[in-house]
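J.: Letter by letter, the chains look like this.
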Amino acid sequence: MTETRRRWSGGAVQDRLRRLNLITTVPPLAFVGVLLLALTARSWWHAGIQVVGLVAALVTAERWTAGDYLRIARPSLAVTAVVWLAGALTNDTAAFFGVSVVGSFLVPPLRRHRLAALFGLAALVAVLGLPNVLVHPDHTGPRLLQYVAVPAIAVLISTGFMFATQRLFDLVAELEQSREREAELAVARERVRFASDLHDIQGHTLHVVKLKVALAEKLMDADPGRAQEELREVHTLVGDTIVQTKELAYAQRRLNLSAELENAKNLFEAAGIHVRLEREAEPDARVGELLGQVLRETTTNILRHAEARHVRITLGRTGMAIVNDGAAEPGPLGGLSALRQRLAEDGGELDVSHADGRFLTAVAFPELDGAGR
Amino acid sequence: MTTVVLADDEALLRKALAALLPLEGEITVLAEAEDGEQAVAATLRHRPDVLVIDLEMPTVDGLGAVAQIRRARPEQVILMLTRHARPGVLRKALKLGVQGFVSKAAEPAHITAVIQTLHAGKRWIDPDVSALAVVDDCPLTDRELDVLRATRDGFSVAEIAGRLHLAEGTVRNYLSNAMQKTQTRTRHEAARYAREHDWL
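Order-wise, the sequence lines are chains C and R.
Residue numbering for the first sequence follows my numbering, beginning at -19 and increasing consecutively.
Residue numbering for the second sequence follows my numbering, beginning at 723 and increasing consecutively.
Don't read these hints as lab results, they were simulated from the structure.
C-beta: ideal position from N, C-alpha, C; glycine also.
Don't take each hint at face value.
[What the hints assert, rightly or not] Here are the simulated distance ranges between beta carbons:
| no. | chain 1 | residue 1 | chain 2 | residue 2 | range |
| --- | --- | --- | --- | --- | --- |
| 1 | C | Leu90 | R | Gly876 | 24 to 34 Å |
| 2 | C | Leu178 | R | Asp920 | 11 to 21 Å |
| 3 | C | Ala229 | R | Ala763 | 26 to 36 Å |
| 4 | C | Val218 | R | Gly876 | 46 to 56 Å |
| 5 | R | Gly876 | C | Asp118 | 51 to 61 Å |
| 6 | R | Thr892 | C | Gly140 | 45 to 55 Å |
| 7 | R | Arg894 | C | Thr216 | 50 to 60 Å |
[Unchecked claim] No farther apart than 25 Å at their CA atoms in a straight line, the calculated lysine-lysine pairs in the BS3-like style are these:
| no. | chain 1 | residue 1 | chain 2 | residue 2 |
| --- | --- | --- | --- | --- |
| 8 | R | Lys826 | C | Lys226 |
| 9 | R | Lys737 | C | Lys192 |
| 10 | R | Lys826 | C | Lys190 |
| 11 | C | Lys245 | R | Lys814 |
| 12 | R | Lys826 | R | Lys737 |
| 13 | C | Lys245 | R | Lys844 |
| 14 | C | Lys192 | R | Lys826 |
| 15 | C | Lys190 | C | Lys226 |
| 16 | C | Lys226 | C | Lys192 |
| 17 | R | Lys844 | R | Lys814 |
| 18 | R | Lys814 | R | Lys826 |
| 19 | R | Lys844 | R | Lys817 |
| 20 | C | Lys245 | R | Lys817 |
| 21 | C | Lys190 | R | Lys737 |
| 22 | R | Lys844 | R | Lys826 |
| 23 | C | Lys226 | R | Lys814 |
Just need the whole structure built from these sequences, with the hints factored in.
T.: Structure representation (structure tokens):
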């Protein structure tokens, strides 16, 4: 369950990264491509081959953002290479745009020989531009510059830029991975801790129980009184262990007072009791835990003893009051009297009163109130 | 004399209870059931004073069986036993009008006393069960959980609004409720809090 959820959330981060990539790469490339087309194309032939190169470049870019460029990259490289060769032969200086884009997507993700691939790509672009110089004998110097040097250098620069981008994305992916691993590690550590605690509590008891039961079995005929004694001890021991195991399982389960109030409210409403919650102030952090204990105890009492129809909970900065109707004559306080002791140790006062079928539980921390002012 | 039907899929425990309850007090076990369907059938046939039913059972669980029984016998008194009440279970059981909730680990004498308390028309919920329900349940509504889930996945408020087909103001309201209930200052802290408590 946790596995699939984590992967799902990781996938969501990847999706967002992908979309961001798509927005930052494809439109600028399309814009530059169209601009080049408008500025440099001098015939329908030029426009035609540049469009073919641009489309191949954009398709590669789109596939790259989806992380699935390998299948499309090689055919694209072939198409754009042919486009550049055709452009070079027909005096179209801008026809290398496609091949430089596709190349710069293709080289950085390679695992090995990236530098060799980079210079190989530059050499390829230079070689494909060379026929222009060979078929046109005039202006050899400027033609070498336009069709060999500039495209080769442009490919080097754009691919170099993509190296940096690739590093950035690798870094993000790595961060995401390490975040997932950390979460997994925390879960594993917690499991080990829990298992050893559980073993400490139950392993010991099981050994003792096994011995005592064996003893009782032996004593059954000879000394039934002692056998009974042993069985009673087993009973107590197992009872204690059940309590300890429960505490272990729920030790981490502590909510803040706001959440506990919400849950208490939901419980009352489920039992058909109308609840009004009044927050006069946010409770002081120091008393939240104690107020929570009073709330739990009072909730239990109301659910159990009273035929309550209405409950009103008022929460102040240093105190809380709970009033419910439908209360019969006040019984023994039970859990509340134990709580009163604990509250007194922390400077808290617990008041309970009963009048006209209404029961009031109020807790206040007067000292804290004074200090706060 | 109080009559009961005992429904529990754990045969060892059920048999032990069936043997111990009559020994502890004035209780007659009319029938035993080992899953939810049998529990429904046995209750409708025997009409016991109190149905004692385990929460966790195969096929139809305790809550499902209680819902079916309520339709046919709205007045049926029900005591629910539980090993470890999952968050929200007590709330659902109360909604179904279950009168009693006792931990399975309780002493048979205690269970007997509670059966008689319920038969006398009162309600009984073990303090540890209800206290646990207060600290262990999820206070967030489904919608609040939805917006926190989307927050955890890194979406902005505008994106969450788009995905859940809500107005941005509504999303902000849900987020601020969730932050208030979890006592956190940012929506990301609230999402983390919810995730740590296994609510998402």
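J.: Against each hint, give a clear statement of whether it holds in the structure.
T.: Taking the hints in turn, this is what the structure says about them:
1. Leu90(C) - Gly876(R): 24 to 34 Å: Holds, at about 30 Å.
2. Leu178(C) - Asp920(R): 11 to 21 Å: holds (19 Å)
3. Ala229(C) - Ala763(R): 26 to 36 Å: holds (34 Å)
4. Val218(C) - Gly876(R): 46 to 56 Å: holds (49 Å)
5. Gly876(R) - Asp118(C): 51 to 61 Å: holds (59 Å)
6. Thr892(R) - Gly140(C): 45 to 55 Å: Distance hint for Thr892(R), Gly140(C) holds at roughly 48 Å.
7. Arg894(R) - Thr216(C): 50 to 60 Å: holds (56 Å)
8. Lys826(R) - Lys226(C): The given pair, whose Cα atoms are some 12 Å apart, holds under the 25 Å limit.
9. Lys737(R) - Lys192(C): holds (24 Å)
10. Lys826(R) - Lys190(C): Holds - the C-alpha atoms of Lys190(C) and Lys826(R) are around 22 Å apart, at most 25 Å.
11. Lys245(C) - Lys814(R): holds (13 Å)
12. Lys826(R) - Lys737(R): holds (14 Å)
13. Lys245(C) - Lys844(R): holds (21 Å)
14. Lys192(C) - Lys826(R): holds (24 Å)
15. Lys190(C) - Lys226(C): holds (22 Å)
16. Lys226(C) - Lys192(C): holds (23 Å)
17. Lys844(R) - Lys814(R): holds (19 Å)
18. Lys814(R) - Lys826(R): holds (18 Å)
19. Lys844(R) - Lys817(R): holds (16 Å)
20. Lys245(C) - Lys817(R): holds (13 Å)
21. Lys190(C) - Lys737(R): The given pair, whose Cα atoms are some 22 Å apart, holds under the 25 Å limit.
22. Lys844(R) - Lys826(R): Satisfied, since the Cα-Cα distance of roughly 20 Å is no more than 25 Å.
23. Lys226(C) - Lys814(R): Judged against 25 Å, a Cα distance of about 22 Å means the pair holds.
Every hint, counting from the list given before, is met by this structure.
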